[in-house]
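**Student:** Residue-level listing of the chains:
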Amino acid sequence: MTDPAPLSWYLVLSAVLFGLGATGVLVRRNLIVVFMAIEIMLNAVNLTFVTFARSQQNADGHAIVFFVMAVAAAEAAVGLAIILQVFRARATVNADEVTMLRW
Amino acid sequence: MSALLFLAVAALTIASALVVILHKSPVYSALGLVGTLALIAMLFLGLDAQIVGFLQIIVYAGAIVVLFLFVIMLLNLQEEPEAFAPSALVAFGLAGGIGLAAIVAIGLARAPLPTGPLRDRFGTTELLAERLFTTYLLPFELTSILLLVAIIGAVVLGKKKLP
Chain F
1 MTDPAPLSWY LVLSAVLFGL GATGVLVRRN LIVVFMAIEI MLNAVNLTFV
51 TFARSQQNAD GHAIVFFVMA VAAAEAAVGL AIILQVFRAR ATVNADEVTM
101 LRW
Chain A
1 MSALLFLAVA ALTIASALVV ILHKSPVYSA LGLVGTLALI AMLFLGLDAQ
51 IVGFLQIIVY AGAIVVLFLF VIMLLNLQEE PEAFAPSALV AFGLAGGIGL
101 AAIVAIGLAR APLPTGPLRD RFGTTELLAE RLFTTYLLPF ELTSILLLVA
151 IIGAVVLGKK KLP
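First to last, the protein sequences are chains F and A.
Each residue of the first sequence is one higher than the one before, starting from 1 at the first, in the working numbering.
Each residue of the second sequence is one higher than the one before, starting from 1 at the first, in the working numbering.
No wet-lab data here; the hints were simulated from the structure.
Glycine residues also receive a C-beta, built at the ideal position from the N, C-alpha and C atoms.
Among the hints, a few may not be true.
What the hints assert, rightly or not - To give a feel for the contact side, a few chain F residues facing chain A, derived at Cβ under 10 Å:
hint	residue
1	Leu11
2	Gly24
3	Met69
Excised from the complex, chain A in its bound form (with noise of 0.2 Å):
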């Protein structure tokens, strides 16, 4: 990805994320989340991984935000007036988050990152399968497990009301 594309994505990237943390009625947020996943997605394509970035697509942008859709419908959410903590708390958050991503990215920028040019294979669906069904061949199948446990979950908390 060359590099004004990039700063373009990112600026993009950032943009949403912030709808969906600043604007007051959550299906604005919900489709803030669909913007940023989505460009999330095309910087996966622009780092060589391009069926981690179509599988980014179908499980986040098609299923998960559909599912905060589908919540925010049922709940019948409007936009609020009391959106935000007190601003005391919201100085606090504001100035947790900024510290918190300066130290994360001051940490990062010391990490060593040689880049070379693209081995054969790299990114594949070929060869994401191949690691997951030898080297993580046991996780993958707990992973089955996980999704049928949050089934199982999901559709007992759905169904009746608790007291």
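Pulled out of the complex, with its shape left as it was, chain F reads as follows (with noise of 0.2 Å):
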């Protein structure tokens, strides 16, 4: 078992990873907890982008992860921020909850 994992093992990894993701912004109520699972989604696609990379040895997809890690930091603090006023008007983060934009 010394040989290299197929980089399609890396692929199936990635698709499992973001199914995970998927699941958890579906079925957990804490907005917290669905932006880390966004987070997961998010990584799962960077690895799909590194595994590409690696096949075709070409350091553009590297680069496209670079941007995908700026978008999602900049994604967090604001989302993060907007939680946080969420929480202060309606001290609660659970998503069933928040039904400002419901008529």
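Combine the two chains into a complex, taking the hints into account.
**Tutor:** Laid out in structure tokens, this is it:
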């Protein structure tokens, strides 16, 4: 078992991680945990990019992962600030109870 | 990365991702997220992407998860009695997640994946920096504007109680 792992295994793992993240978004009610599940999905996609970059021996995949990380950092900062404001306004982070936009 | 090591890391990654989405306490979810991100960084190293692996540790495990933990601390969240959606919705969510993973896995398994001996400089900081400052110069500069906007937005949102 000292052969290198086939690259397709990495792709299958990233598909499983993406599915786990999507499941987390769908089943959890806590907005912060939903956010963490989104981060898992972003990382699963990053893993796919790096796998294809290794396969094609092309650094463009790494550059895209760099940009995804920057966007994820911006998203986390603004998103968590919004969650903080939601908590101040409604004293809850339960997604089912935040119904300000529902009529 | 040898096949045996890959299987061990993959199993641990899936286990810690399960902790994130299943644990009722958000603090444990955040710690599971640290584990997931660090293990994914190991996978990046296994794919000869050193600089991406280090960035993953610094940006994700270092900065983003600390942000999560700070917000959890500010909100003083405890274990929630009703952490999950109603069970009918959970069943739909699980079915959706498994179906999505299966579809993505099938699609990815069909992709041609040639592999070969490593070209020199692949995955190094030097090569990535070269790309960022030539091919991707405009997106790179736009990223700095994006981060500036995010900083200002976070400060404005976090400053005062909105109506």
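**Student:** Each hint should be assessed against the structure and marked as holding or not.
**Tutor:** Hints, verified against the model:
{"no.": "1", "hint": "Leu11", "result": "4 Å, holds"}
{"no.": "2", "hint": "Gly24", "result": "3 Å, holds"}
{"no.": "3", "hint": "Met69", "result": "5 Å, holds"}
Figure legend: structure checked against the earlier numbered hints; every hint is met.
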